[in-house]
Amino acid sequence: MSESIHPAPEQGVMEALQLAGRIIIENGGETYRAEETICRMGQGIGLTEVESFAVPSGLFISYRGHDGLLESGVKRVHRQGTNLTKIDQVNAVSRKVTAGQMSIQQAWEELRRIDASRGPVASGWMILAAFLCAGGFALLFGGGEWEILFAGLVAAVVQLVGLVNQKMHMQWLVTAIFGGFLTSLLPHFIIRLFPGVSQEILIAGAVMPLVPGLAMTNAVQDTMRGDMVSGLSHGTQALLTACLVAGGALLSNALVRLLEGGLLG
Amino acid sequence: MIQEILLPVLGAFIGSIGFALLVHAPMRSLLPSGIIAALTYLVYSLIAFAGVSEALAVFAGALFGSLAGQWVARRMKMIGTVFLMSAIVPVVPGLGLYRMMTLLGQGATAAGADQGIQAMITIAMIALGLGFGSFTDRRFHPGKKK
Chain A
565 MSESIHPAPE QGVMEALQLA GRIIIENGGE TYRAEETICR MGQGIGLTEV ESFAVPSGLF
625 ISYRGHDGLL ESGVKRVHRQ GTNLTKIDQV NAVSRKVTAG QMSIQQAWEE LRRIDASRGP
685 VASGWMILAA FLCAGGFALL FGGGEWEILF AGLVAAVVQL VGLVNQKMHM QWLVTAIFGG
745 FLTSLLPHFI IRLFPGVSQE ILIAGAVMPL VPGLAMTNAV QDTMRGDMVS GLSHGTQALL
805 TACLVAGGAL LSNALVRLLE GGLLG
Chain B
38 MIQEILLPVL GAFIGSIGFA LLVHAPMRSL LPSGIIAALT YLVYSLIAFA GVSEALAVFA
98 GALFGSLAGQ WVARRMKMIG TVFLMSAIVP VVPGLGLYRM MTLLGQGATA AGADQGIQAM
158 ITIAMIALGL GFGSFTDRRF HPGKKK
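Those protein sequences? They're chains A and B, same order as listed.
Using this note's numbering, the first residue of the first sequence is number 565, and each one after it goes up by one.
Using this note's numbering, the first residue of the second sequence is number 38, and each one after it goes up by one.
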């Protein structure tokens, strides 16, 4: 059965395995998931001695092919952003290959399609997602309708600026620091116009879309699998993001105090 | 009771769906993510409401979220990350971290450090709950792909 499904197993195998691992790491997946996916796909097409080692910045793969030769490859990976749909799709491809329902050539084509695809919703909808996220958490923190509305609006503006940053190929750390700055600055103006609104709840809600929730989850997941390098790497990313958001907020507080003491005082 | 528990639970549901959308989570995972997040926050709230320590409440919430997230991921044949992440986001100490920043910015170092330590304890409890849940799940489902 495997011969009819995999007529030329060696052809494009390394590329397909590398692509599967690369998509997972590039889009915010855990390194253990990339390693497992590569090994399962390799074993699924009948390769032996399949080994993979992944870190957040690269992949190492080796296997013994059907001709008995040991092949190995290294792939440098650069984080692109976060897209859990792509990781889920790679997972589905891996399951099919492992179950013998998909050849490695079909998997390669499907992986290329996944790699070129965008998220399940257009970028513009991310603004609405940020509104929902911040508004929901403002409600969680005890906010009323005004806090929910303004937290949502502030987060939507921050998301819009983040999307512009992305288009200009800015580093994620610039987006984090600028996001923290705006999230803290805009509410200062809002409470001047609407004095009854709680600034604390407004900011706490609006900052939630910037929380590095995925990096935190990955850090724990990787560490629990004994992958300390990736666990530390994701943990550092989470900590750095939180510090940059906090730094941006502190900058905005300092600016507001300067304005209140001088220009607006 | 409604004001203190049910409205925040609704907030966790809506907020987590928004958060999942922001990380391009698969569309079919959004509703289960929101439900897991709401239940996680409900577990946390009920334990905190009963007067048990905040840290234990966060741990219990994160543990529930971790186990529920991995169970749902297996049932739906999806990656567990999306459910785990949504589960923990409502218990992330956003308000505590904001208070810490504000106090430190105002020069109130001692009060800021106090808030910071509490926030760090909460984060540690989230990691512990998530990790313990992951360990338990792997103990009973070894070698299963999520």
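Think of the hints as simulated: they come from the structure by calculation, not from any bench.
Any given hint might turn out to be false.
Okay, derived cross-link-like pairs now, DSBU-like style, lysine-lysine, Cα gap no bigger than 30 Å in a straight line [stated by the list, open to error]:
no., chain 1, residue 1, chain 2, residue 2
1, A, 639, B, 114
2, B, 114, A, 660
3, A, 731, A, 660
4, A, 639, A, 660
Footprint (simulated), chain B over chain A, 3 or more residues, beta carbon under 8 Å [to be verified]:
no., segment
5, 593 to 600
6, 614 to 624
7, 677 to 687
8, 699 to 713
9, 760 to 772
10, 776 to 785
Quick caveat: nothing in here was measured; it's all calculated off a predicted structure.
Where is the CB? At the ideal position from N, CA and C, for every residue including glycine.
Problem - Three-residue Cβ test at 8 Å for the coverage of the segment 699 to 713 of chain A by chain B - result: The restraint on the segment 699 to 713 of chain A holds, since 8 of its residues have a Cβ under 8 Å from chain B and three suffice.
Practice task
With a C-beta cutoff of 8 Å, work out whether three or more residues of the segment 677 to 687 of chain A approach chain B closely enough for the coverage to hold.
Solution key: Contact hint for the segment 677 to 687 of chain A vs chain B: holds, 3 residues under 8 Å.
Practice task
Mind taking a look at whether chain B covers the segment 593 to 600 of chain A? Criterion is 3 or more residues with CB to CB distance under 8 Å.
Solution key: holds (count 4)
Handout entry: Verdict on chain B covering the segment 614 to 624 of chain A, where coverage means 3 or more residues with a C-beta closer than 8 Å
Key = violated (count 0)
Handout entry: Proposed proximity, residue 114 of chain B with residue 639 of chain A (alpha carbon, max 30 Å)
Key = Judged against 30 Å, a Cα distance of about 28 Å means the pair holds.
Exercise for the section: Verify the proposed pairing of residue 731 of chain A with residue 660 of chain A, using a straight-line Cα cut of 30 Å. Expected result: Outside the cut-off at roughly 35 Å; violated.
Practice task
Please work out if residue 114 of chain B and residue 660 of chain A have their alpha carbons no farther apart than 30 Å.
Solution key: The hint holds at about 12 Å.
Practice task
Count residues of the segment 760 to 772 of chain A with a Cβ under 8 Å from any Cβ of chain B, then say if the count reaches three.
Solution key: That given contact holds, which follows from 7 residues of the segment 760 to 772 of chain A lying within Cβ reach (below 8 Å) of chain B.
Problem - Three-residue Cβ test at 8 Å for the coverage of the segment 776 to 785 of chain A by chain B - result: Held - the segment 776 to 785 of chain A has 8 residues with a Cβ nearer than 8 Å to chain B, which meets the minimum of three.
Practice task
Mind checking the alpha carbons of residue 639 of chain A and residue 660 of chain A for me, to see if they're no more than 30 Å apart?
Solution key: 24 Å, holds
In this structure, the earlier hints numbered 3 and 6 are contradicted, and the remaining ones agree with it.
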